[in-house]
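Protein chains in written order, with the working numbering: chain A, 1 to 386; chain B, 1 to 36; chain C, 1 to 532.
Derived by calculation from the structure, the hints in this document are not laboratory data.
Among the clues, some could well be false.
Label pairs and their in silico Cβ distance ranges [as the list claims (entries may be wrong)]:
{"#": "1", "chain 1": "A", "residue 1": "I107", "chain 2": "C", "residue 2": "G319", "range": "17 to 27 angstroms"}
{"#": "2", "chain 1": "C", "residue 1": "F234", "chain 2": "A", "residue 2": "S125", "range": "39 to 49 angstroms"}
{"#": "3", "chain 1": "B", "residue 1": "A22", "chain 2": "C", "residue 2": "F30", "range": "24 to 34 angstroms"}
{"#": "4", "chain 1": "C", "residue 1": "G319", "chain 2": "A", "residue 2": "N180", "range": "28 to 38 angstroms"}
{"#": "5", "chain 1": "A", "residue 1": "R31", "chain 2": "C", "residue 2": "G319", "range": "31 to 41 angstroms"}
{"#": "6", "chain 1": "B", "residue 1": "R6", "chain 2": "C", "residue 2": "F352", "range": "14 to 24 angstroms"}
{"#": "7", "chain 1": "A", "residue 1": "G370", "chain 2": "C", "residue 2": "I474", "range": "48 to 58 angstroms"}
Derived DSS-like pairs: lysine-lysine, alpha-carbon spacing no greater than 27 angstroms straight-line [as the list claims (entries may be wrong)]:
{"#": "8", "chain 1": "A", "residue 1": "K87", "chain 2": "C", "residue 2": "K199"}
{"#": "9", "chain 1": "A", "residue 1": "K149", "chain 2": "A", "residue 2": "K79"}
{"#": "10", "chain 1": "C", "residue 1": "K429", "chain 2": "C", "residue 2": "K504"}
{"#": "11", "chain 1": "C", "residue 1": "K532", "chain 2": "A", "residue 2": "K87"}
{"#": "12", "chain 1": "A", "residue 1": "K228", "chain 2": "A", "residue 2": "K121"}
{"#": "13", "chain 1": "C", "residue 1": "K429", "chain 2": "A", "residue 2": "K84"}
{"#": "14", "chain 1": "C", "residue 1": "K504", "chain 2": "A", "residue 2": "K87"}
{"#": "15", "chain 1": "A", "residue 1": "K79", "chain 2": "C", "residue 2": "K429"}
{"#": "16", "chain 1": "A", "residue 1": "K152", "chain 2": "A", "residue 2": "K79"}
{"#": "17", "chain 1": "A", "residue 1": "K84", "chain 2": "C", "residue 2": "K492"}
{"#": "18", "chain 1": "C", "residue 1": "K504", "chain 2": "A", "residue 2": "K79"}
{"#": "19", "chain 1": "C", "residue 1": "K504", "chain 2": "A", "residue 2": "K84"}
{"#": "20", "chain 1": "A", "residue 1": "K267", "chain 2": "A", "residue 2": "K189"}
Where is the CB? At the ideal position from N, CA and C, for every residue including glycine.
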Amino acid sequence: MKKLRGVLGTGAMLMAGAASAQVKDMPGGPRVNQLNLPPGVTEISYDIMWLHWMMLIICTVIFIGVFGVMFYSIVMHRKSRGAKASKFHEHVGVEVAWTVIPFLIVIAMALPATRTVVAMKDTSSADVTIKATGYQWKWGYEYLDGPAKDVKFLSTLSTPRTQIMGAEPRSDTYLMEVDNELVVPVDKKVRIIVTSADVIHAWMVPDFGVKQDAIPGFLRDTWFRAQKTGTYRGQCAELCGKDHAFMPIVVRVVTQEEFDAWAAEQKQALASAADDPTKEWTKEDLMARGEAVYTANCVACHQANGKGMPPTFPPLEGDEKYVLAPKQGQIDTVLNGHPGTAMAAFRDRLNDVEIAAVITYTRNAWANAGKGADPVVQPADVTAQR
Amino acid sequence: MTPEQRRRNRIAGIILAIIVIAIFAWTFVRGSALMN
Amino acid sequence: MSSVTADHVPASHGHDDHHEMPRGWRRWLFATNHKDIGTMYLIFSFLMLLEGGTLALLLRTELFEPGLQFFQPELFNQFTTMHGLIMIFGAIMPAFVGFANWMIPLQIGASDMAFARMNNFSFWLLPVGAILFTASFFVPGGATASGWTMYAPLSLQMGPGMDFAIFAVHILGASSIMGAINIIVTILNMRAPGMTLMKMPLFCWTWLITAYLLIAVMPVLAAAVTMLLTDRHFGTAFFNAAAGGDPVLYQHVFWFFGHPEVYIMILPAFGIVSAIVPAFARKPLFGYASMVYATAAIAILSFLVWAHHMFATGMPVTGQLYFMYATMLISIPTGVKIFNWVATMWRGSLTFETPMLFAIGFIFVFTLGGFTGLIVAVAPIDIAVHDTYYVVAHFHYVLVAGSLFALFGGAYYWLPKWTGRMYDERLGKWHFWSTMISFNVTFFPMHFLGLAGMPRRYVDYAAQFTDFHQIATIGAFWFGLSQILFMYVVLKAYAGRGEPAAAKPWEGAEGLEWTVPSPAPFHTFVTPPVVK
Numbered sequence: 001m002k003k004l005r006g007v008l009g010t011g012a013m014l015m016a017g018a019a020s021a022q023v024k025d026m027p028g029g030p031r032v033n034q035l036n037l038p039p040g041v042t043e044i045s046y047d048i049m050w051l052h053w054m055m056l057i058i059c060t061v062i063f064i065g066v067f068g069v070m071f072y073s074i075v076m077h078r079k080s081r082g083a084k085a086s087k088f089h090e091h092v093g094v095e096v097a098w099t100v101i102p103f104l105i106v107i108a109m110a111l112p113a114t115r116t117v118v119a120m121k122d123t124s125s126a127d128v129t130i131k132a133t134g135y136q137w138k139w140g141y142e143y144l145d146g147p148a149k150d151v152k153f154l155s156t157l158s159t160p161r162t163q164i165m166g167a168e169p170r171s172d173t174y175l176m177e178v179d180n181e182l183v184v185p186v187d188k189k190v191r192i193i194v195t196s197a198d199v200i201h202a203w204m205v206p207d208f209g210v211k212q213d214a215i216p217g218f219l220r221d222t223w224f225r226a227q228k229t230g231t232y233r234g235q236c237a238e239l240c241g242k243d244h245a246f247m248p249i250v251v252r253v254v255t256q257e258e259f260d261a262w263a264a265e266q267k268q269a270l271a272s273a274a275d276d277p278t279k280e281w282t283k284e285d286l287m288a289r290g291e292a293v294y295t296a297n298c299v300a301c302h303q304a305n306g307k308g309m310p311p312t313f314p315p316l317e318g319d320e321k322y323v324l325a326p327k328q329g330q331i332d333t334v335l336n337g338h339p340g341t342a343m344a345a346f347r348d349r350l351n352d353v354e355i356a357a358v359i360t361y362t363r364n365a366w367a368n369a370g371k372g373a374d375p376v377v378q379p380a381d382v383t384a385q386r
Numbered sequence: 001m002t003p004e005q006r007r008r009n010r011i012a013g014i015i016l017a018i019i020v021i022a023i024f025a026w027t028f029v030r031g032s033a034l035m036n
Numbered sequence: 001m002s003s004v005t006a007d008h009v010p011a012s013h014g015h016d017d018h019h020e021m022p023r024g025w026r027r028w029l030f031a032t033n034h035k036d037i038g039t040m041y042l043i044f045s046f047l048m049l050l051e052g053g054t055l056a057l058l059l060r061t062e063l064f065e066p067g068l069q070f071f072q073p074e075l076f077n078q079f080t081t082m083h084g085l086i087m088i089f090g091a092i093m094p095a096f097v098g099f100a101n102w103m104i105p106l107q108i109g110a111s112d113m114a115f116a117r118m119n120n121f122s123f124w125l126l127p128v129g130a131i132l133f134t135a136s137f138f139v140p141g142g143a144t145a146s147g148w149t150m151y152a153p154l155s156l157q158m159g160p161g162m163d164f165a166i167f168a169v170h171i172l173g174a175s176s177i178m179g180a181i182n183i184i185v186t187i188l189n190m191r192a193p194g195m196t197l198m199k200m201p202l203f204c205w206t207w208l209i210t211a212y213l214l215i216a217v218m219p220v221l222a223a224a225v226t227m228l229l230t231d232r233h234f235g236t237a238f239f240n241a242a243a244g245g246d247p248v249l250y251q252h253v254f255w256f257f258g259h260p261e262v263y264i265m266i267l268p269a270f271g272i273v274s275a276i277v278p279a280f281a282r283k284p285l286f287g288y289a290s291m292v293y294a295t296a297a298i299a300i301l302s303f304l305v306w307a308h309h310m311f312a313t314g315m316p317v318t319g320q321l322y323f324m325y326a327t328m329l330i331s332i333p334t335g336v337k338i339f340n341w342v343a344t345m346w347r348g349s350l351t352f353e354t355p356m357l358f359a360i361g362f363i364f365v366f367t368l369g370g371f372t373g374l375i376v377a378v379a380p381i382d383i384a385v386h387d388t389y390y391v392v393a394h395f396h397y398v399l400v401a402g403s404l405f406a407l408f409g410g411a412y413y414w415l416p417k418w419t420g421r422m423y424d425e426r427l428g429k430w431h432f433w434s435t436m437i438s439f440n441v442t443f444f445p446m447h448f449l450g451l452a453g454m455p456r457r458y459v460d461y462a463a464q465f466t467d468f469h470q471i472a473t474i475g476a477f478w479f480g481l482s483q484i485l486f487m488y489v490v491l492k493a494y495a496g497r498g499e500p501a502a503a504k505p506w507e508g509a510e511g512l513e514w515t516v517p518s519p520a521p522f523h524t525f526v527t528p529p530v531v532k
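Turn these sequences into a full structure, and let the hints guide you.
Here is the structure:
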């Protein structure tokens, strides 16, 4: 078996040399042909790596012991060697020993593990608290305290579709890059409150030693204290539907000064981008805005051409039930979703301007132009139905 | 199989079937109780 | 196939008054003979192995390179889900029931199972379930893509394919429950005089204990998927948080079934290995009583550890610690069994025919899977590797290198009894080595992928993971092709091409099954033998 592993390892290295000459280690993510857990940048991740080495070494020693005996037996106790079978079939002393000794070994393994379990669960006295919400298929972050309080944004995969389809060469951060990274200060205890808006997701960052399921209707938490600045990458770790592989997590750890500056910037940007839902918008402005919202939120299921993927994802083009019908039905659909289907509720993710814009866009795009009732929906209409 | 054998088998089978149904029902009852 | 000609046990008390031997399709549709039913179970499970294996090859093809080449993500998730459901409920579990049907009556000196007609029904439910699974691909929306674990609320979003899967699980579960009742009553009530429980072959013990596990947990699974069904269609809110339910409740109920389920899939394998190793070591099984107690201990402990599948859900500290300790404890009785097998080999007189190769291969590779199981039992490590390829590697080591290797070993071991012919030993050995090596090529790299953070159930991955995925895909195809060899060996023996087999073709074999002719006559032990 060890020889086999050696052969495999050499083979893997040869192939690594040949096939992936272009791919380099991902900064903050997996190294090419990485063999082991990352030591990471937190005490917890380091503890986990240490525990794993301990377990691996103990198991290897037991492995060598047991299979040494078995291998010896296979060689020396062969009938073809003239071995004659003994008749013994029990020995109380030996049996007690090989029950008690493993029991003691297991206790020895459990002791350091206990320390780490307790440490991982202690989310008290955090310096920064951030709420992470899993959506199908992206993450939303909201800072609940500190200099960035009330900053909130969505964090979506930024790898272009062309790279996924193989039409363009893949970058070193392929599938683990986002438009808006989560920014946190170094050497501070960051508490992440994790939940979901739809199905179960999981927030995982290997370099922090963190993984926490995101469960709809419930708040769970986890924490980390990053000891080094840098960018660290993780992925969703609970099957959540078709784009489960396409909703990564990227955390940028910066100095406290950089964090404060970033926080101030974010708050500024939020204030100026604040949409005014009481004013009357022109159809052209709504369409332009709506197209952008559609591309960022609806394309995955309803497709860029509005034809959807029936029956699971219905077409919007030519849809008589909601899009080409009086506006209340479609406003209700976008605000509240259709429970029991894949259509999520967007009331907490999009503001009234964005919802009005995207609805107006769908009512006038593709072959829908000129058909159906209420071609323009104003933000005020959406507010009224909240 | 003797009739006596068959009788004993049938009794054992019925007892086990009752256990199965009880566990099925228990799961619903316990599951509902754990909610809210 | 058991011989249909005049091999009835000498009719010293007018046995010919029973029914005429049915012929043609009636023999199989109305079968009540444990050998015929066992054969049907084994054929069915092999076909399911091929179907489940094809799904695996499809998904491994997509995973050969990063990016999306062949399948949309949703279809890929359907393949992953159905691969798991079909392998577990269609291949592994029915295969072990097939072995139980064939061998338990022979090993305890009974003429047949306790409930021969229910046995027929148990079998014929299986193709119905299999058709539902297969047909689910062709309904609108395709098969369910929720993972074999069918977690809510994702499973509540799925289309009609999910309902097909739920009904299939109900039907296959009912079949398993009936089979388990049959096995318990047979073993408890129909042993030959003198065959005390502590004289039974270990295969019967492991099946007795497995059958109790089955009747305890299959109803729980039935309830869990029924709750999914009512949440989906009948307005209940067991798992819908917005309506007052709890998604994690599903996980508790499911894994309360799910953990004993994996022991259901391995205990009979332990029984098979415990038959083969003493036979080819020509030495009695070391520590028979300990083996029985260890099996019972594993079974009882298996009820107490389910939440180790839920370490990332946000359990309180006490929960994490308790489930970690309880899970680590299971390694003790499991270790005892492994030591006992090695001690059986020690100072034996060993030969290495194909059954023994698979049994030794099992011990070797299952132990590796056991080690990784112990490693993931350590909760902090599990937080790092939960839902990654490390777990995929772990469970394929114990389920494939474990259960499947034991099934192959048992098939080669008892094939002479079933067919009356010695299978082709040279080809059998080729099958073993090809399977053993390709298995490791496929699944060993997955440990690295998982440690490096590659999540499971992913259609696409970061380019840094490519090499190990390519090795795994190549290994998978090699592994799949190797099973064609097995099919050839078995068909060749059934076709009658091979040396005629003696009643006891293996020098060191023990047990009542070796006292009847090979192939075993249609009726055996019509009069129970007396066991000293």
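Comparing the hints with the structure gives:
The beta-carbon spacing between A/I107 and C/G319, approximately 20 angstroms, falls within the hinted interval of 17 to 27 angstroms. Range check, C/F234 to A/S125: about 46 angstroms between beta-carbon atoms, so the 39 to 49 angstroms window is met. A hinted range of 24 to 34 angstroms for the beta carbons of B/A22 and C/F30 is consistent with their spacing of about 32 angstroms. Checking the proposed 28 to 38 angstroms range against C/G319 and A/N180 shows it holds: the Cβ atoms sit about 35 angstroms from each other.
Under the hint 31 to 41 angstroms, the C-beta atoms of A/R31 and C/G319, about 34 angstroms apart, fit the expected range. Checking the proposed 14 to 24 angstroms range against B/R6 and C/F352 shows it is violated: the Cβ atoms sit about 45 angstroms from each other. Evaluation of the 48 to 58 angstroms hint for A/G370 and C/I474 yields a pass: the beta carbon distance comes to about 56 angstroms. The hinted pair formed by A/K87 and C/K199 meets the criterion: a straight-line CA distance of about 17 angstroms does not exceed 27 angstroms.
For the hint linking A/K149 to A/K79, the alpha-carbon distance of about 77 angstroms lies beyond 27 angstroms, and the restraint is violated. Pair hint C/K429 plus C/K504 holds up; C-alpha atoms about 21 angstroms apart against a cutoff of 27 angstroms. With a CA separation close to 19 angstroms, the supplied pair C/K532 and A/K87 stays within the 27 angstroms bound. At roughly 22 angstroms between alpha-carbon atoms, A/K228 and A/K121 fall within 27 angstroms of each other, so this suggested pair holds.
At most 27 angstroms may separate the alpha-carbon atoms for a hinted pair to count; C/K429 and A/K84 meet this at roughly 24 angstroms. About 20 angstroms separates the Cα atoms of C/K504 and A/K87, which keeps this hinted pair within 27 angstroms; it holds. The hinted pair formed by A/K79 and C/K429 meets the criterion: a straight-line CA distance of about 18 angstroms does not exceed 27 angstroms. Note on A/K152 and A/K79: the hinted pairing is violated, with a Cα-Cα distance of about 74 angstroms set against a maximum of 27 angstroms.
Taking the CA atoms of A/K84 and C/K492, the gap is about 34 angstroms. The hint is violated against a cut of 27 angstroms. Restraint check for C/K504 and A/K79: satisfied, since their Cα atoms lie roughly 18 angstroms apart, inside the 27 angstroms limit. For the hint linking C/K504 to A/K84, the alpha-carbon distance of about 20 angstroms falls within 27 angstroms, and the restraint holds. Of the supplied pair hints, the one linking A/K267 and A/K189 holds, its CA atoms being roughly 22 angstroms apart against a limit of 27 angstroms.
Of the numbered hints listed earlier, those contradicted by the structure are 6, 9, 16 and 17.
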